[in-house]
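Engineer: Here's the letter readout for the chains.
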Amino acid sequence: MNELYQQRLQRHLRQMLHYLRLVFNDHFVIALMFFVGGLGLAYSNWLKTISTKDTWIVVVVGLFLWLGLRVSRIATLIEPADTVFLLPREHDLHQYFTRAWHYSWWLALPVQVILVGLVAPLLMLVDSLSGVSLLALLIMQVALKDSDLTLRVTDLYQVTRSQRRGVQWLNLLVSLAIIALALAVNPWLGAGLALVLAAGQRWWHAQIWSKTVVAWKADVASEANRMLGIYRFFNLFTDVPMVQGSVKRRKYLDWLLKWAPRDQQHAFGYLFTRGMLRGTEFSGLVTRLTIIGAILLYFSGHGWLSIALDVIFIYLIGFQLLPFYKRYDNIVFTHIYPLAAPLKLKNFQRLLTIILSTTGIIFLIAFWLTNASLGQVGLLLVINVVEIYLLVAWYAKLRLG
Amino acid sequence: MALAVSHLVGGYSQIPVLKDISFQVEPGELVGLIGLNGAGKSTTINHIIGLLTPMKGTITLNGVTIASDAQQYKQQLAYIPETPILYEELTLKEHLEMTMLAYGLDQTTAWERAHDLLKIFRLDNKLDWFPANFSKGMKQKVMIVCAFLTDAKLFIIDEPFLGLDPLAVHDLLQLISDVKSRGAAVLMSTHVLDTAEKFCDRFVLLHAGEIQTQGTFNEIKAQYPDAGDSLNDIYLSLTGVTRDE
Numbered sequence: 001m002n003e004l005y006q007q008r009l010q011r012h013l014r015q016m017l018h019y020l021r022l023v024f025n026d027h028f029v030i031a032l033m034f035f036v037g038g039l040g041l042a043y044s045n046w047l048k049t050i051s052t053k054d055t056w057i058v059v060v061v062g063l064f065l066w067l068g069l070r071v072s073r074i075a076t077l078i079e080p081a082d083t084v085f086l087l088p089r090e091h092d093l094h095q096y097f098t099r100a101w102h103y104s105w106w107l108a109l110p111v112q113v114i115l116v117g118l119v120a121p122l123l124m125l126v127d128s129l130s131g132v133s134l135l136a137l138l139i140m141q142v143a144l145k146d147s148d149l150t151l152r153v154t155d156l157y158q159v160t161r162s163q164r165r166g167v168q169w170l171n172l173l174v175s176l177a178i179i180a181l182a183l184a185v186n187p188w189l190g191a192g193l194a195l196v197l198a199a200g201q202r203w204w205h206a207q208i209w210s211k212t213v214v215a216w217k218a219d220v221a222s223e224a225n226r227m228l229g230i231y232r233f234f235n236l237f238t239d240v241p242m243v244q245g246s247v248k249r250r251k252y253l254d255w256l257l258k259w260a261p262r263d264q265q266h267a268f269g270y271l272f273t274r275g276m277l278r279g280t281e282f283s284g285l286v287t288r289l290t291i292i293g294a295i296l297l298y299f300s301g302h303g304w305l306s307i308a309l310d311v312i313f314i315y316l317i318g319f320q321l322l323p324f325y326k327r328y329d330n331i332v333f334t335h336i337y338p339l340a341a342p343l344k345l346k347n348f349q350r351l352l353t354i355i356l357s358t359t360g361i362i363f364l365i366a367f368w369l370t371n372a373s374l375g376q377v378g379l380l381l382v383i384n385v386v387e388i389y390l391l392v393a394w395y396a397k398l399r400l401g
Numbered sequence: 001m002a003l004a005v006s007h008l009v010g011g012y013s014q015i016p017v018l019k020d021i022s023f024q025v026e027p028g029e030l031v032g033l034i035g036l037n038g039a040g041k042s043t044t045i046n047h048i049i050g051l052l053t054p055m056k057g058t059i060t061l062n063g064v065t066i067a068s069d070a071q072q073y074k075q076q077l078a079y080i081p082e083t084p085i086l087y088e089e090l091t092l093k094e095h096l097e098m099t100m101l102a103y104g105l106d107q108t109t110a111w112e113r114a115h116d117l118l119k120i121f122r123l124d125n126k127l128d129w130f131p132a133n134f135s136k137g138m139k140q141k142v143m144i145v146c147a148f149l150t151d152a153k154l155f156i157i158d159e160p161f162l163g164l165d166p167l168a169v170h171d172l173l174q175l176i177s178d179v180k181s182r183g184a185a186v187l188m189s190t191h192v193l194d195t196a197e198k199f200c201d202r203f204v205l206l207h208a209g210e211i212q213t214q215g216t217f218n219e220i221k222a223q224y225p226d227a228g229d230s231l232n233d234i235y236l237s238l239t240g241v242t243r244d245e
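These protein sequence lines map, in sequence, to chains A and B.
Under UniProt numbering, the residues of the first sequence are numbered 1 to 401, in order.
Under UniProt numbering, the residues of the second sequence are numbered 1 to 245, in order.
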């Protein structure tokens with residue numbers, strides 16, 4: 001079991017490294033450095049305006065530390081197939097979970113250190129906290145996170161729902177109380193109580209785990225959820241195959257569908273419009289790029305730069321929508337419907353026109369809001385119409401036809 | 001005749017899986033396509049529904065081939081796949097509407113039929129759900145409803161009995177007999193030989209890409225008098241699989 005976790009962890013880390021390399025490419029690192037530097041500067045400037053009278057800050061710090069405890073979960077690396085293959089060795093799984101616990105603990109530690117580090121200057125200013133007291137605060141925070149993680153491991157087992165809820169709430173409330181005591185009375189008191197809480201959680205865990213069974217389904221689901229969160233983050237920067245767009249009903253968009261023609265000539269359109277509105281993958285892409293484009297356009301004045309941005313963003317959206325044409329090719333029915341072959345492309349072009357025109361209009365409004373003259377708006381309108389026409393009628397046909 | 005497959009040679013790559021296959025399905029007839037895994041049933045079906053192009057031979061549906069008039073050919077055909085295939089983004093209601101649009105059906109009459117079918121398969125209260133989240137059996141029922149919504153002249157049904165509850169199997173057999181009586185032809189592939197023996201009018205027995213024998217149950221039995229009394233026994237002895245007794 002130890003080896004199993006070790007193996008999975010290695011594979012997991014390799015994968016994370018692979019994606020991190022893609023995310024933190026040179027440009028991004030430079031941008032990030034500027035961003036962090038800017039934030040740091042703003043923070044230090046703000047610190048200068050704070051005096052000992054601003055006691056409300058202590059409350060905010062307390063809540064901040066408390067919420068910070070919820071960051072980072074247990075990386076169990078459990079897979080769906082484990083419910084079948086590891087079931088016979090369920091008792092040994094505790095070893096595996098212990099390894100997961102250790103890994104997650106070391107992963108959580110720097111986060112908590114950074115959290116305390118972030119609020120340290122505030123507390124020193126407002127509460128005139130000494131360095132030793134800050135150490136006590138750090139011990140408290142780590143001990144509280146320890147008890148949080150222990151509870152999360154206990155939750156991997158089947159504890160009755162009321163018991164689970166009760167203990168979770170208790171842990172949350174006690175944590176908050178300890179943080180409050182530490183900030184209001186004495187950090188060392190907080191540290192001591194937190195250590196007691198952590199020990200208590202460990203004692204409860206030791207009592208309970210061997211008497212119950214692993215909550216397989218919940219564990220698989222929560223691990224999948226955790227990984228999806230990570231993949232989603234990476235997906236912002238690069239293509240992650242594991243993130244398959246999910247489907248949402250989005251009933252509030254149904255009014256848009258009313259306008260679409262419903263006859264045999266537009267059967268594919270019927271499918272495409274619904275797929276576009278309810279799938280998150282392509283609709284998310286259009287929405288993101290349209291919003292970013294509009295904001296950039298608004299801040300780039302009304303010169304050549306904004307025209308270039310407008311052209312580039314419309315092209316980007318149109319270009320990235322092209323694969324949607326093949327979205328249903330693996331569904332056999334789309335091949336056996338008695339529909340004339342060119343209809344599919346025609347229906348797709350129609351949808352593409354509608355989407356790109358909407359984006360174009362939003363861009364025009366953003367551009368117009370920058371106090372561009374009517375002549376300039378008209379010029380951009382002509383450019384948009386020509387570009388969309390070329391993209392849809394010529395380029396899409398060339399690529400897909 | 002409704003469907004005529006003649007001297008079909010075909011498969012997915014250069015090497016043919018099907019070696020010179022010929023059979024017919026007459027209007028009003030249910031023909032069972034029987035064969036082991038890998039015998040060529042699905043390949044045959046994929047050729048008939050037009051996913052694969054024959055290397056040699058022809059497939060005619062009431063005188064039309066895919067090459068001569070693809071639209072006219074496809075208009076006459078309804079298909080129920082072995083594994084249910086659904087659009088993730090469409091609700092049950094929209095699956096039905098999509099089928100109506102694609103086949104150019106009249107909405108009012110098609111919806112009347114749809115409601116009957118939905119009631120039979122107890123899906124009438126799930127119109128606004130995404131069938132992609134249904135259980136296997138319920139997904140299969142959606143496929144059945146979509147197929148029987150059309151006025152097809154040929155129904156291709158690929159292994160319908162696995163995953164359906166006994167009630168649904170009964171209802172499906174009833175639907176098949178209904179469309180038969182209005183003159184539609186049905187080609188059904190299955191491994192459930194007991195049911196096939198009872199309900200199919202004729203059988204096509206495929207083995208290793210060739211037709212081993214075809215005919216009514218009695219014809220086949222007369223042809224192989226020593227092979228046994230049930231379709232199961234006959235089929236096992238024909239394929240050369242020794243039985244443990």
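Hints are computed from structural coordinates only; laboratory data are not their basis.
In this text the structure is predicted, and so the values were computed from the model without any measurement.
Incorrect hints may appear among the rest.
Stated by the list, open to error - Cross-link-like lysine-lysine pairs, in silico, DSBU-like; alpha carbons within 35 Å at most:
| id | chain 1 | residue 1 | chain 2 | residue 2 |
| --- | --- | --- | --- | --- |
| 1 | A | K397 | B | K56 |
| 2 | B | K56 | A | K346 |
| 3 | A | K251 | B | K180 |
| 4 | B | K126 | B | K56 |
| 5 | B | K119 | B | K153 |
| 6 | B | K19 | A | K346 |
| 7 | B | K221 | B | K93 |
| 8 | A | K248 | B | K221 |
| 9 | B | K198 | A | K326 |
| 10 | A | K251 | B | K126 |
| 11 | A | K217 | B | K139 |
| 12 | A | K251 | B | K119 |
| 13 | A | K258 | B | K56 |
| 14 | A | K251 | B | K19 |
| 15 | A | K326 | B | K56 |
| 16 | B | K126 | A | K258 |
| 17 | B | K19 | B | K221 |
| 18 | A | K326 | B | K136 |
| 19 | B | K221 | A | K326 |
| 20 | A | K251 | B | K198 |
| 21 | A | K397 | B | K19 |
| 22 | A | K217 | B | K221 |
| 23 | A | K346 | B | K198 |
| 24 | A | K248 | B | K198 |
| 25 | A | K258 | B | K198 |
| 26 | B | K119 | A | K217 |
Engineer: Next pair to validate is A:K346 with B:K198; report whether the Cα-Cα distance is within 35 Å.
Structural biologist: violated, 48 Å
Engineer: Is the Cα-Cα distance between A:K251 and B:K198 35 Å or less?
Structural biologist: violated, 47 Å
Engineer: Sort out whether B:K221 lies within 35 Å of A:K248, counting only the CA atoms.
Structural biologist: It is violated: about 55 Å lies between the C-alpha atoms, which goes past 35 Å.
Engineer: Would the hint linking A:K258 and B:K56 be met if the CA-CA limit is 35 Å?
Structural biologist: Violated, at about 47 Å.
Engineer: CA of A:K251 to CA of B:K126, is that 35 Å or under?
Structural biologist: holds, 16 Å
Engineer: Given the hint that A:K258 pairs with B:K198, does the C-alpha gap stay at or below 35 Å?
Structural biologist: violated, 48 Å
Engineer: Going straight from one Cα to the other, do B:K198 and A:K326 come out at no more than 35 Å?
Structural biologist: violated, 42 Å
Engineer: Is the straight-line distance between the alpha-carbon of A:K397 and that of B:K56 35 Å or less?
Structural biologist: holds, 33 Å
Engineer: Hinted pair, alpha-carbon criterion (35 Å max): A:K326, B:K136. Please report holds or violated.
Structural biologist: holds, 25 Å
Engineer: For the pair supplied as a hint, B:K19 and A:K346, is the alpha-carbon distance within the 35 Å limit?
Structural biologist: violated, 39 Å
Engineer: Does A:K251 pair with B:K119 here, judged by a C-alpha cut-off of 35 Å?
Structural biologist: holds, 25 Å
Engineer: Just to be careful, I want the Cα atoms of A:K326 and B:K56 compared with a cutoff of 35 Å; is the pair within it?
Structural biologist: holds, 30 Å
Going down the numbered hints, you'll see the structure goes against 3, 4, 6, 7, 8, 9, 13, 14, 19, 20, 21, 22, 23, 24, 25, while the others check out.
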